[in-house]
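Going down the list, the sequences are from chains A and B.
If you read the first sequence in this note's numbering, its first letter stands for residue 50, the second for the next number, and so on.
If you read the second sequence in this note's numbering, its first letter stands for residue 350, the second for the next number, and so on.
Source of the hints: derived by calculation from the structure; they are not laboratory data.
Please note that a few of the clues may not be correct.
To be verified - Listed next, with one range per pair, are the computed distances between beta-carbon atoms: (1) B:E356 / A:A229: 45 to 53 Å; (2) A:K134 / B:D596: 40 to 48 Å; (3) B:G453 / A:F269: 17 to 25 Å; (4) A:S79 / B:G366: 22 to 30 Å; (5) B:R418 / A:N235: 53 to 61 Å; (6) A:A259 / B:N443: 41 to 49 Å; (7) B:N389 / A:I81: 45 to 53 Å; (8) A:I248 / B:S374: 53 to 61 Å; (9) A:M59 / B:G453: 20 to 28 Å; (10) B:V411 / A:I248: 43 to 51 Å; (11) B:P365 / A:A259: 41 to 49 Å; (12) B:G366 / A:L247: 39 to 47 Å.
As the list claims (entries may be wrong) - Part of the chain A face toward chain B, derived, beta carbon under 10 Å: (13) F56; (14) D64; (15) F66; (16) L140; (17) I141; (18) Q216; (19) R293.
C-beta atoms are modelled at their ideal positions from N, C-alpha and C, and glycine is treated no differently.
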Amino acid sequence: MLKGINFLVMKELKDYFSSPLVYVLASLFSGIMGLIFYNYLISSNEITNLSIIDTILLPTFGAMNFLLMFIVPLLTMGQFSEEKKNQTLDLIMMSNLKPSAVIVGKFLSTFIVVFFLVALTFIFPIILGLSGFSDWGLVFTNYLAIYLSVMAYISVGLFASTLTENQIISVVVTFCILFALLLLVNMAQVTDNYIVGLIIQYFSIGFHHAHFSRGQLVSFNFIYYFSFVGFFFFLTHKSVEARRW
Amino acid sequence: MSSIAIELDQVVKEYPGRLALKGISFQVKKGRIHGFLGPNGAGKSTTMKIITGLLRANSGNVSIIEGERIGFLPENPPLYMNMKVEGYLQYVKNLYSLDKDHGGDSLEVIMKKCGLLDVKERLIRNLSKGYKQRVGIASTLVHNPEIIILDEPTVGLDPKAILEIRDLIKELSRNHTILLSTHQLYEANLLCEDITIINKGEILTTGEVSQIREKISGGQRLYVEVEGARSEILEKMVQELPIELRDQVLGDISSFKVLSKEAHDIRSRLSSFLAKEGCIVLSLKEETMDLEGIFKEVTFGVQDAQGN
Ligand SMILES: Nc1ncnc2c1ncn2[C@@H]1O[C@H](COP(=O)(O)OP(=O)(O)OP(=O)(O)O)[C@@H](O)[C@H]1O
Ligand SMILES: [Mg+2]
Numbered sequence: 050m051l052k053g054i055n056f057l058v059m060k061e062l063k064d065y066f067s068s069p070l071v072y073v074l075a076s077l078f079s080g081i082m083g084l085i086f087y088n089y090l091i092s093s094n095e096i097t098n099l100s101i102i103d104t105i106l107l108p109t110f111g112a113m114n115f116l117l118m119f120i121v122p123l124l125t126m127g128q129f130s131e132e133k134k135n136q137t138l139d140l141i142m143m144s145n146l147k148p149s150a151v152i153v154g155k156f157l158s159t160f161i162v163v164f165f166l167v168a169l170t171f172i173f174p175i176i177l178g179l180s181g182f183s184d185w186g187l188v189f190t191n192y193l194a195i196y197l198s199v200m201a202y203i204s205v206g207l208f209a210s211t212l213t214e215n216q217i218i219s220v221v222v223t224f225c226i227l228f229a230l231l232l233l234v235n236m237a238q239v240t241d242n243y244i245v246g247l248i249i250q251y252f253s254i255g256f257h258h259a260h261f262s263r264g265q266l267v268s269f270n271f272i273y274y275f276s277f278v279g280f281f282f283f284l285t286h287k288s289v290e291a292r293r294w
Numbered sequence: 350m351s352s353i354a355i356e357l358d359q360v361v362k363e364y365p366g367r368l369a370l371k372g373i374s375f376q377v378k379k380g381r382i383h384g385f386l387g388p389n390g391a392g393k394s395t396t397m398k399i400i401t402g403l404l405r406a407n408s409g410n411v412s413i414i415e416g417e418r419i420g421f422l423p424e425n426p427p428l429y430m431n432m433k434v435e436g437y438l439q440y441v442k443n444l445y446s447l448d449k450d451h452g453g454d455s456l457e458v459i460m461k462k463c464g465l466l467d468v469k470e471r472l473i474r475n476l477s478k479g480y481k482q483r484v485g486i487a488s489t490l491v492h493n494p495e496i497i498i499l500d501e502p503t504v505g506l507d508p509k510a511i512l513e514i515r516d517l518i519k520e521l522s523r524n525h526t527i528l529l530s531t532h533q534l535y536e537a538n539l540l541c542e543d544i545t546i547i548n549k550g551e552i553l554t555t556g557e558v559s560q561i562r563e564k565i566s567g568g569q570r571l572y573v574e575v576e577g578a579r580s581e582i583l584e585k586m587v588q589e590l591p592i593e594l595r596d597q598v599l600g601d602i603s604s605f606k607v608l609s610k611e612a613h614d615i616r617s618r619l620s621s622f623l624a625k626e627g628c629i630v631l632s633l634k635e636e637t638m639d640l641e642g643i644f645k646e647v648t649f650g651v652q653d654a655q656g657n
């Protein structure tokens, strides 16, 4: 199983880095993030720990999270849909690899790519550090939140790409699911039933993200992210297996 | 007694709202080329996917000879367009050798067999259809399978490529059991020792080609155009040669169809007879019996047998 996953991760990474898509997205991402960060930086005139957090750090992470909601689906869109279109999924299904190994392999390779993409922004806190900023714990929880959200986005994206042979449809479905989950926060505020509000809020990625960005490590947030990813793994697995019927 | 490589027993497959296989049974003998013949939508691909485990049957049994691996070429070869030929074959080999190495020919030998040495550094995306098909066939060999299943391997290729692929299949049959689907009777005749005919999810007949050919009454079918034929000549011809005539059009240039009652080639006897009678044969075209015809014949035979 591990050998199989390793084999697939290597193959997917090779694919990612030999296609222009990753480089285009990396330059887009770092360009936009750089601009945003620079913008917040010059528009904040007071430089104290607190003002840096409120006027530079948190808005930058917020923008990064939002941007990744667009970028991750573009990475996952072809993962299963292209293999379905070219029938190469059957090639894999005839090997001894289990569908779960295939899903994990695609998940990990995409995560590794996004890991490095996000790592390009590690320069921002370092720049802030040079001007006296020192709340590294908050930087850490914010990156943790970003990476956990990225996992959630990847799991949705992979699921969507098993549904169709068309990459565009796969991307649109991913956007729809992700934005629906994002909007749940607002819905929670609209409903006047406290319990329903709480429940809806719990299902929203944004709600859990917020804890991290405020520097809190709460166990139910981890449970949320891992069950979220687990749930979409399950759906993806079902969807891949359904090909046999 | 030859052993059985693949055996299907009462296999039923139902897609949502469509019964694709209505309980089919047949056997593929080890070491033979077995043709799987049927028109579009008959259920050939479905059957093959069930044999390879890509699809699950709703009921019935598929048994594969103990521990034998299968190499499968689907209708559209499963290719990664952005890989090079050799890289792709290496990838498939690694994919199938994760647990253990299955031995067999090296990639170099396989590429040589399939005529791929010249293109091994080319991107698959840039290959012609015939070469893509060869890469697909080569990929079925990398894990040294005993059984090779090919789904319409010659469809959509130009005549030259078709001949080359057929030669390749013949070559492979020396070391492998081959099950190949086609909707050309001609091709099945040419390549296969055994055939199974399927139509609308039912097996019409299965067995050795020679036996089945006997079942299908009538041999060769010819379309003939002659100058100077009169009806007496044609009547005499029907009496002297083992043939039937159909669709006669008499005139300056007469045309008719000839159905031979015997299995062997009737063309030379026919043209020398006509020449002797002073007619000029303008054209003599062999009509390959299309599947439609075969099915009529085969199903007719079945009804006949039941009637008796
Ligand atoms: N995934 C599917 N869902 C529903 N029906 C299907 C599916 N695949 C095939 N069928 C139907 O099952 C029947 C058998 O299809 P199959 O592809 O096995 O035929 P075939 O003999 O391979 O035909 P062809 O010569 O066109 O390749 C057809 O009527 C087809 O429409
Ligand atoms: Mg088919």
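Status of the hints after comparison with the structure:
1. For the hinted restraint 45 to 53 Å between E356 of chain B and A229 of chain A, the CB-CB distance of approximately 50 Å keeps it satisfied.
2. At roughly 47 Å, the beta carbons of K134 of chain A and D596 of chain B sit within the given window of 40 to 48 Å.
3. The supplied range of 17 to 25 Å is broken by G453 of chain B and F269 of chain A, whose beta-carbon atoms lie about 54 Å from each other.
4. Hint check: S79 of chain A to G366 of chain B, Cβ distance near 51 Å, so the stated range 22 to 30 Å is violated.
5. Roughly 55 Å separates the CB atoms of R418 of chain B and N235 of chain A, a value that falls within the hinted 53 to 61 Å.
6. Separation of A259 of chain A from N443 of chain B is about 45 Å and conforms to the stated range, judged on CB atoms against 41 to 49 Å.
7. Remark: the range hint 45 to 53 Å for N389 of chain B to I81 of chain A is upheld by a beta-carbon distance near 51 Å.
8. In this structure the hint that I248 of chain A and S374 of chain B lie 53 to 61 Å apart at CB holds, the actual value being about 55 Å.
9. A hinted range of 20 to 28 Å for the beta carbons of M59 of chain A and G453 of chain B is consistent with their spacing of about 24 Å.
10. A hinted range of 43 to 51 Å for the beta carbons of V411 of chain B and I248 of chain A is consistent with their spacing of about 48 Å.
11. The hinted range of 41 to 49 Å is satisfied by P365 of chain B and A259 of chain A, whose Cβ atoms lie roughly 43 Å apart.
12. Here the CB-CB span from G366 of chain B to L247 of chain A is close to 43 Å, well matched to the stated 39 to 47 Å.
13. With its C-beta approaching chain B no nearer than about 6 Å, F56 of chain A sits inside the 10 Å limit, and its interface hint holds.
14. Taking 10 Å as the C-beta cut-off, the interface hint given for D64 of chain A holds, the closest approach to chain B being about 7 Å.
15. About 12 Å separates the beta-carbon of F66 of chain A from the nearest beta-carbon of chain B, more than 10 Å, and the hint is not met.
16. Taking 10 Å as the C-beta contact cut-off toward chain B, the hint placing L140 of chain A at the interface holds, the least distance being around 4 Å.
17. With a least beta-carbon distance of about 7 Å to chain B, the hint placing I141 of chain A at the interface is held under the 10 Å criterion.
18. With a cut of 10 Å, the hint placing Q216 of chain A at the interface with chain B is violated, because the nearest CB-to-CB distance is about 14 Å.
19. A least Cβ separation of about 5 Å between R293 of chain A and chain B falls short of the 10 Å threshold, and the interface hint therefore holds.
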